[in-house]
Amino acid sequence: MSWEDGSEDRAESRRRILERAAQARYDLQRGWKIYRRSLLAVAGLLMVISISTVSIFADDIAVEHPGRNLQDTRDVWHIDYEPRKAAPFSEECDTRNQKVSLTNLRRWDANATNALSPVKIAEDNSFYEDILVVTEFKEVVDRNGNSISIDLVYLDPTNNSYFWIADELMENNSVTQIKLIYKFENEEMHHWWMPEGYDVCIFGTNDEGQDLFSKILYGSRVSLTIGFTVATLTVIIGTIIGSISGYFGGRVDEVIMRITDIFFAVPGLILALAFVAALQAIDNLAIPLALAILPLILMLIVPFRSAIISVLMPGSEDTLSRIEPAALLAVGLGAVLLLPLGLYGIWEGLFETSDTRTWRLFFSFIVISVFAGLLTLDNRMTKNFSIEGFSERALNTLNWKNPYRYLTLRTAIIFFAAIILFSWSDDTDNQIVIIDNFDRLWKIQIALVFTGWPGYARLIRGQVLYVKEMTFVEAAKSVGAPSGRIMFRHILPNAWAPLLVAFTLDIGGTILSASGLSFIGLGAEPGAAEWGKLVSDGRSHFPQDYWLVLFPGLAIAYTTLGFNLLGDGLRDVVDPKNRR
Amino acid sequence: MKTSEFIVRRIILLIPVMIGVTVFTFAIAQIIPADPAAILCGERCGLVDPVTGKTMLELQRERLGLDEPVVEQFRLYLVNLAEGDWGDSTTYNRPTSEVVRDAAPVTLEMALFALLMAYPIGITLGILSAVWQDQVFDHISRFLAIAFVSLPIFWLAMMLQLIFGTGPDVGGICDPIFGTEGGCLPIYGRHDTALTYPDRTSSLCDTAISGIACYPSWYPSGGTGFHLVDSWFVTDEALANIHPDYSSNSKLFNDTLVHLVLPSFTLGIASAGSLLRYMRASLLEVMNEDYVRTARAKGLSESRVIIVHACRNALVPILTILGFSIGGAIGGAVLTESIFAFYGMGNVAVDAIINLDYSVLMGVTLITAIIFLMSNLIVDILYGVVDPRVRLE
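Note that the protein sequences, when read in sequence, are chains A and B. For the first sequence, my numbering begins at 7 and goes up steadily by one. For the second sequence, my numbering begins at 643 and goes up steadily by one.
Hints are supplied without guarantee of correctness; some may be wrong.
[What the hints assert, rightly or not] Some chain A residues near chain B, calculated using beta-carbon distances under 8 Å:
#1 Ala271
#2 Gly468
#3 Leu471
#4 Phe525
#5 Asp574
[What the hints assert, rightly or not] Covered by chain B, per the in silico footprint, the following chain A stretches (three or more residues, Cβ under 8 Å):
#6 256-268
#7 550-559
It should be emphasised that the hints constitute simulated quantities derived from the structure, not laboratory data. For every residue, glycine included, the Cβ atom is placed at its ideal position computed from N, Cα and C.
Take these sequences, add in the hints, and give me the full structure.
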């Protein structure tokens, strides 16, 4: 068979793809028609879109980095920034207090100093200070709080960032330190999207003088990431476990459902608390290389299973008669490739000689390519065990122009899994480091996944039980389709709708629980721009400085509400009652 | 199936789950990176006992059974649990069972009172929403239902504190309306700070010290921990001694009640939201039933049809949510308790995690599981009684 021979196949495939696309477009249009009927749902969608946009463009919208360091330890100029807690919409954020030690100035024999911002952290973690342009002096106070004439400190006429301190003040030894209070041209605090002249911190600042608005903006990144990660992982785990439970039923189902019962018996938050505590000793998440490759190998066994069975158990007559050279070849190759894994010593030995990551990647790539090549032969190998025309078939398989030959779903999954796993792999100890810095945020995420999957498992189990009884599944079974195919091709595509709704609602729920855990003090590190943490940081100033609690909490409520409204709207769309 | 048989069957079904929960808590305690023996002996760990020649650490490990294999440790744990020995708390220096016994009623009282507030709100709104389906009220209440479950409970708690518990200079609304000073509802604690409530922790009720019996002889000594109930049984003798302002049972009760309003309302809001949705859906379903049509055809008034015929049947499925809402409320209590300074299971659990007090953590997880399973069991049984069809399954 050559490239030309496949033209009919390709045309058929193209036709089917186009048909699918048209159907999908029609479904989407119909869904949108139902969706937009509800004003609340549309509002929810807008809320989700807005918060996602904000998190993507946080760098541009925010006025400062949320992790700004406000400690100035240098004492050359001894600029002691006094953080000013500012109320929302006050213009306090335009004024700076700057302490200047005259003793130091005298020692350095200088009588001028710069108007400087507090020390900040740049993106590369280095420290820097901005030089501020002063617009107006408000007050000059000595260290005892006595007001000094403003005339004794003046701005350099050529440079608005430079204060000159009059000789009279410099020579007065009783004044050792002055405090300058001035307004500055607050470009850093100016939001480009606000009209000129409105340089206010709209959500106020905290007791360290950090702009709350910026912190909340950056917090949206943390929350959305947690929401999506946790919801995705729980969906995947829950779907796998739930579909196994529903499809196979019987004892497997019984055991899985009893396990979910245990999870449901303890309130989620307390379970998550306990699990976070248990995770405390772990500082990175790594699995041995061998363990990661095992699933790939297991997947490979599937196509060869009949061949393997016939070799291992040559008792039954009809399997015995099917032992063909090709099957033996396949098993032999499989054994050769499996052996290194089975015998860990050899596996290690292989990698000792090629210790660098590049080598390992290269070697793995070759191994995977061989696996993938074999995979593509699987159907014919298992159905028609003949060595005749084998080389021709093998060559045809390698015809890269013919996508329908080798781009099976399974190959793609194996390839992607391998690529992801090896991009995680570390140079040390032959292990795959999945999460390098397993910090407290990761811990609450893992804890939430751990507590969340039973819900999905039950949901998908119910769906599978329902779909399983339908006639098209019967039909697939009667033509002898393997269970994996029935599961993925027939049952799951018909059971995803409630899952989508649950997924959307779960993002909101996860954001709530994660911020709750952060609030207790188990999540984000102190001072981090995480909404729950911001609320708990604001607690010590509550209720006087209510804004430190109000705004981060509003952000949580807004995001959660958005996802919940979205999920509710989707529920209407996928509701069978609305399918017309 | 007879009702008694149904109940027995439900109880038997609980046993594997309970065993699973103990396995689970035990596993968590095994993973927690703290060595309880090292915490118990503290600085004296290195000291050598002259008699046995072992260090204090080794002795402690022996005492706690940490030398044994894991399976043996688990057996020991189960045996001890059955005997009522839940281990010793390293943070409170008390037996865990006592810590849990003192904390559980606090949370439970709060959670139950929260449901008491949530149910009327949720059900009423749900009924009205269903009656006025697709009208403005329905849209508003459906939005409220979603909004209620979207609010972060710890934030809501603080906002309610701000609104009801502070003066107008900060943001409170009470003072101009009710003429109070500094807010109309207390925002911290279970009681007035001036009052020493007569319960187990109070020295007043220690008969050996004060010579006063706080509760009648037939009542549990030191009270049940449910102050709403306890308040009515405090003896006059004790009342005379606690505080001049709280000289009667009703005043004591009122104080407890007032302090419960905000925490419980906060906790109940989320339950009210989900209740509203379920009630609405359930009622809408019932409204299409034949018997409702029959009732209407008989010429009964619409309100009678809804209240007597539809609601009674719509309320039956709502029962099932009761069990879950208790679990949800206990989970939420973890967050609200620290804000309202209630020393219940939530605060205890958080303390236990911060101090890696593994036996308290196990105890709290276990007790919440027991409470949750029991409430579900009761709900199941009630459901079986109310709706006989369930028993036929």
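How the hints compare with the structure:
1. Ala271: holds (4 Å)
2. Gly468: violated (15 Å)
3. Leu471: Violated: closest Cβ of chain B sits about 15 Å from A:Leu471, beyond 8 Å.
4. Phe525: Since chain B brings a Cβ to about 5 Å from A:Phe525, closer than 8 Å, the hint holds.
5. Asp574: holds (6 Å)
6. 256-268: With 4 residues close enough to chain B, the hint holds.
7. 550-559: holds (count 6)
Violated hints, listed in ascending order, are 2, 3; each of the other numbered hints is respected by the structure.
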